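The residues making up each chain are set out below.
2 protein chains.
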Amino acid sequence: MGENLGRLRERLADISRLREAGAVLGWDRQTYMPPAGAASRAAQLSTIERMAHELFIDDVTGELLEAARAELNGAAPESDDASLVRVTTRDYENDRKLPPTFVREMTEHSVLAQQIWIEARENNDFRTFMPALAGTIDLARRMADYLGYEGEMYDALLDVFEPGMKTERVAALFAELKSELVPLVAAIAERSDRVDDAVLHQSFDERLQEEFGTMMAEKFGFDFQRGRLDRTVHPFAVGFTRNDVRITTRFDPNFLTSSLFSTLHEAGHGMYEQGIGASLEGTPLAHGTSLGVHESQSRLWENIVGRSLDTWQHFYPLLQETFPQLDDIDLQTFYGAINRVYPSLIRVEADEVTYNLHIMLRFEMERELLAGAYPLAEAPEVWNEKMRSYFGVTPPNDTQGILQDVHWSGGMMGYFPTYTIGTVLSAQLFDAARRAYPTIPEEMRAGEFGNLHGWLTENIYQHGSKFQPEELIVRATGEPLQTRSYIGYLKTKFGDLYGLAG
Amino acid sequence: MGENLGRLRERLADISRLREAGAVLGWDRQTYMPPAGAASRAAQLSTIERMAHELFIDDVTGELLEAARAELNGAAPESDDASLVRVTTRDYENDRKLPPTFVREMTEHSVLAQQIWIEARENNDFRTFMPALAGTIDLARRMADYLGYEGEMYDALLDVFEPGMKTERVAALFAELKSELVPLVAAIAERSDRVDDAVLHQSFDERLQEEFGTMMAEKFGFDFQRGRLDRTVHPFAVGFTRNDVRITTRFDPNFLTSSLFSTLHEAGHGMYEQGIGASLEGTPLAHGTSLGVHESQSRLWENIVGRSLDTWQHFYPLLQETFPQLDDIDLQTFYGAINRVYPSLIRVEADEVTYNLHIMLRFEMERELLAGAYPLAEAPEVWNEKMRSYFGVTPPNDTQGILQDVHWSGGMMGYFPTYTIGTVLSAQLFDAARRAYPTIPEEMRAGEFGNLHGWLTENIYQHGSKFQPEELIVRATGEPLQTRSYIGYLKTKFGDLYGLAG
Chain A
1 MGENLGRLRE
11 RLADISRLRE
21 AGAVLGWDRQ
31 TYMPPAGAAS
41 RAAQLSTIER
51 MAHELFIDDV
61 TGELLEAARA
71 ELNGAAPESD
81 DASLVRVTTR
91 DYENDRKLPP
101 TFVREMTEHS
111 VLAQQIWIEA
121 RENNDFRTFM
131 PALAGTIDLA
141 RRMADYLGYE
151 GEMYDALLDV
161 FEPGMKTERV
171 AALFAELKSE
181 LVPLVAAIAE
191 RSDRVDDAVL
201 HQSFDERLQE
211 EFGTMMAEKF
221 GFDFQRGRLD
231 RTVHPFAVGF
241 TRNDVRITTR
251 FDPNFLTSSL
261 FSTLHEAGHG
271 MYEQGIGASL
281 EGTPLAHGTS
291 LGVHESQSRL
301 WENIVGRSLD
311 TWQHFYPLLQ
321 ETFPQLDDID
331 LQTFYGAINR
341 VYPSLIRVEA
351 DEVTYNLHIM
361 LRFEMERELL
371 AGAYPLAEAP
381 EVWNEKMRSY
391 FGVTPPNDTQ
401 GILQDVHWSG
411 GMMGYFPTYT
421 IGTVLSAQLF
431 DAARRAYPTI
441 PEEMRAGEFG
451 NLHGWLTENI
461 YQHGSKFQPE
471 ELIVRATGEP
481 LQTRSYIGYL
491 KTKFGDLYGL
501 AG
Chain B
503 MGENLGRLRE
513 RLADISRLRE
523 AGAVLGWDRQ
533 TYMPPAGAAS
543 RAAQLSTIER
553 MAHELFIDDV
563 TGELLEAARA
573 ELNGAAPESD
583 DASLVRVTTR
593 DYENDRKLPP
603 TFVREMTEHS
613 VLAQQIWIEA
623 RENNDFRTFM
633 PALAGTIDLA
643 RRMADYLGYE
653 GEMYDALLDV
663 FEPGMKTERV
673 AALFAELKSE
683 LVPLVAAIAE
693 RSDRVDDAVL
703 HQSFDERLQE
713 EFGTMMAEKF
723 GFDFQRGRLD
733 RTVHPFAVGF
743 TRNDVRITTR
753 FDPNFLTSSL
763 FSTLHEAGHG
773 MYEQGIGASL
783 EGTPLAHGTS
793 LGVHESQSRL
803 WENIVGRSLD
813 TWQHFYPLLQ
823 ETFPQLDDID
833 LQTFYGAINR
843 VYPSLIRVEA
853 DEVTYNLHIM
863 LRFEMERELL
873 AGAYPLAEAP
883 EVWNEKMRSY
893 FGVTPPNDTQ
903 GILQDVHWSG
913 GMMGYFPTYT
923 IGTVLSAQLF
933 DAARRAYPTI
943 PEEMRAGEFG
953 NLHGWLTENI
963 YQHGSKFQPE
973 ELIVRATGEP
983 LQTRSYIGYL
993 KTKFGDLYGL
1003 AG
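Keeping their order, the protein sequence lines are chains A and B. Per the numbering used here, the first sequence runs over residues 1 to 502. Per the numbering used here, the second sequence runs over residues 503 to 1004.
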């Protein structure tokens, strides 16, 4: 290894270790920190993040990147060294575009706005949240200006979360989804009585719920020697390094699947982080490449695997052993219950079919808000009108409408589309894995997931952030992101479940 | 506040926040970290500690200290600002005396030597540990040379853990203790049949043990809004800040008091950290002033309060309610059981009377080893000979003899005396608190500890590291450290318990 490449790696390792430490502190804040620890924890995190940021955007980093590039000597683009220089240069240039005062302003805004949002949501009072939302929109516009863009302003924001993705492309994805999903939702609504989920709403011992979820996550491939499961109010996953990945869940003693599927969802994120190549540890490449690709893994394991009839052919008898109250419920009834389609007002409670319509609504509104298409005071009614148009339901209040998500109070615009990108991608990846291993469905019926997990590790996980999403997807599946697989998956699965004409 | 004082505070806050983050990572390592996380955790800690150390010993710190000193304008020595400059200057000058290469050598030695020690202890093989011990002695000598000393070399080592303390003074303390304790141990040995602790060795539900220990610690004054209790193999306490203090314990399902008294011991350390003045947060003053003073708090709450007849007059009926297997055991029998004197081979299992003889043995040997008084190969026999002389027992092997403690493998010489300093000080402080509030014993009998806790907060806790131990002790008790209180305490308590002539 060249001398400058070595010095670059040392510097990036310091930055990575600082950020890992920050992630540990963030995890502790949500799991075990005593209530009064919040203020000092904020100070610790602020110091660590500032130091990591200052080290990273310092001129020295740029000089080392340039000198290291000269030492690559034609190394293959997918080699660790060439990838390190390429990806870090991109991150460095992006981070340098944002003035430190602006970054500080963003952080301060998000702390304040979140507090305002929590109260506004509790009081069902959009007007008190309006100035905070105006602040978020203003910051998003200025951030886009700092980062720069060729086409639409939204491109700059999207690129932060999904490198390389364009607004036009997302809009096309949604158009394809909309034309298929709106009729599908309507067809299902006419036959909604075919599926019922009352069986999931009984009393289920929390300890047994935890044991069962842990067992399933482990069977899927989450490694508890290199990770653990804890309880939090809002489930999440965070990888400090590939050898220490924490996932969390919450338990509802009167609803079986709330915890189970959130455990499997976070385990999907966790397996991605656990599968990163060991040689990438201590570098900026040691995490998943984008929010969209990350979400493809949580969705794949939670839904395509976790809510499939194949998987439950193996696990349902075990679930009945654990919870004898399910003894009289047959597999088909249970399978229907965990896949019931229902026009929910709330995004995070939505089923697979309607979920992307929730995201589309938010994507449309973000573009409109950035463009100033209407006065902010009218935004709640715009939200409600879209809800009527896509789902046929009207939120009874803003708490269950425009105030439901944390993102806009956290200063995050351009984030929502990554949920749909991930969802669509999950089916495309599953199809590709099944082409490579046609026996995957029967393995799932036997409770075996090694080939699927192995294919994902080989094609997605191990690469960390080496490749931008599009390149990674093409390498893994032979084609760019497409909606065909996902629409096909939904039509087959829910067509069968609701007895729709094929 | 002067401009340079402000800049000094900012720099020290960064260093403090980094060290707090390191403490969180260290806590997590011992509580929740999955097994495979060890290597990346070591790298994270090493980065954080190196950055904090480099920031601290940098010339800039020295320049800011000097400039800030000029801005004090005659501020009182006990003011926050004057204390900050004075204490930080002392720490800065000490830390600058040790070359970075030497500090690295120390760290590497302790990691390696501890691994060797663990194996040597398992295999009862002192000879394999000898080279590591020789390395520790060599490093201790070199450290003393770097730090400098006027009288005995041991002074320099002692000063690291107990600022201002001298070897001669410790030797005098031990001489006083020895002349009283050896006859006391002998007198008790003749009446050992008067006390029995069989009642503690029964089956006790772990969950109930935890609830009871938590309740007692809370009654003593440990604030669970600003701290928490977890389980670890080796109990410890660590304060990140006054608002986030973690203590740990371990449970033995067949021995009631192992967990209970270790919880109270760590709660004592924890209350010290929780009581630090709020204005000291984010500075080097925001922790206890020395290991000895810290140990005085764990010992005071564990032993003087926690093993007293007064305290158990309140708690014993509650304990019997929790554990009905104690229904037929009267308070006096229980009180005897938790205070049984027995010549243990193992320091950490020793009772209050014999404990300091274990420490004296180690203090004597550390001075002899540093002076090269005999070949290392003879050290185990020296150890055993001292055990015979002080306790009348001979360790059957080195695992239960010279290999029992971690300290010498961790490169720590000069640490042991702080245990005895703390023990002796605990009684001196308790006497002073009782002079201020003569009702403390009857308050203890009513389960109330507010006056005692308040007096300790006022006189010890709030000051953090503002004062060196000796100054703090004189301010709190009106006299320097003395053995009179502790010897009087032991003679009264154990004289009563074993029916010795007064």
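Mixed in with the good hints there might be a few duds.
Partial list, derived from the structure: chain A residues whose beta carbon lies under 8 Å from chain B [as the list claims (entries may be wrong)]:
#: 1; residue: Pro34
#: 2; residue: Thr47
#: 3; residue: Gly221
#: 4; residue: Arg226
#: 5; residue: Gly227
#: 6; residue: Arg228
#: 7; residue: Phe240
#: 8; residue: Asp244
#: 9; residue: Gln468
Worth flagging that the hints you see were computed from the coordinates, not collected in a lab. It should be emphasised that the depicted structure is a prediction, and the values quoted were computed from it without experimental measurement. We put the beta carbon where it would ideally sit given N, CA and C, even for glycine.
Each hint, compared with the structure:
1. Pro34: Holds - the Cβ of proline 34/A comes within 8 Å of chain B, reaching about 5 Å at its closest.
2. Thr47: holds, 4 Å
3. Gly221: Nearest chain B Cβ about 15 Å off; hint violated.
4. Arg226: Cβ of arginine 226/A sits 4 Å from chain B, so the hint holds.
5. Gly227: Holds, because the Cβ-Cβ distance from glycine 227/A to chain B comes to roughly 6 Å (cut-off 8 Å).
6. Arg228: holds, 5 Å
7. Phe240: holds, 7 Å
8. Asp244: For aspartate 244/A, the interface hint holds, since the closest Cβ of chain B sits about 3 Å away, which is under 8 Å.
9. Gln468: violated, 26 Å
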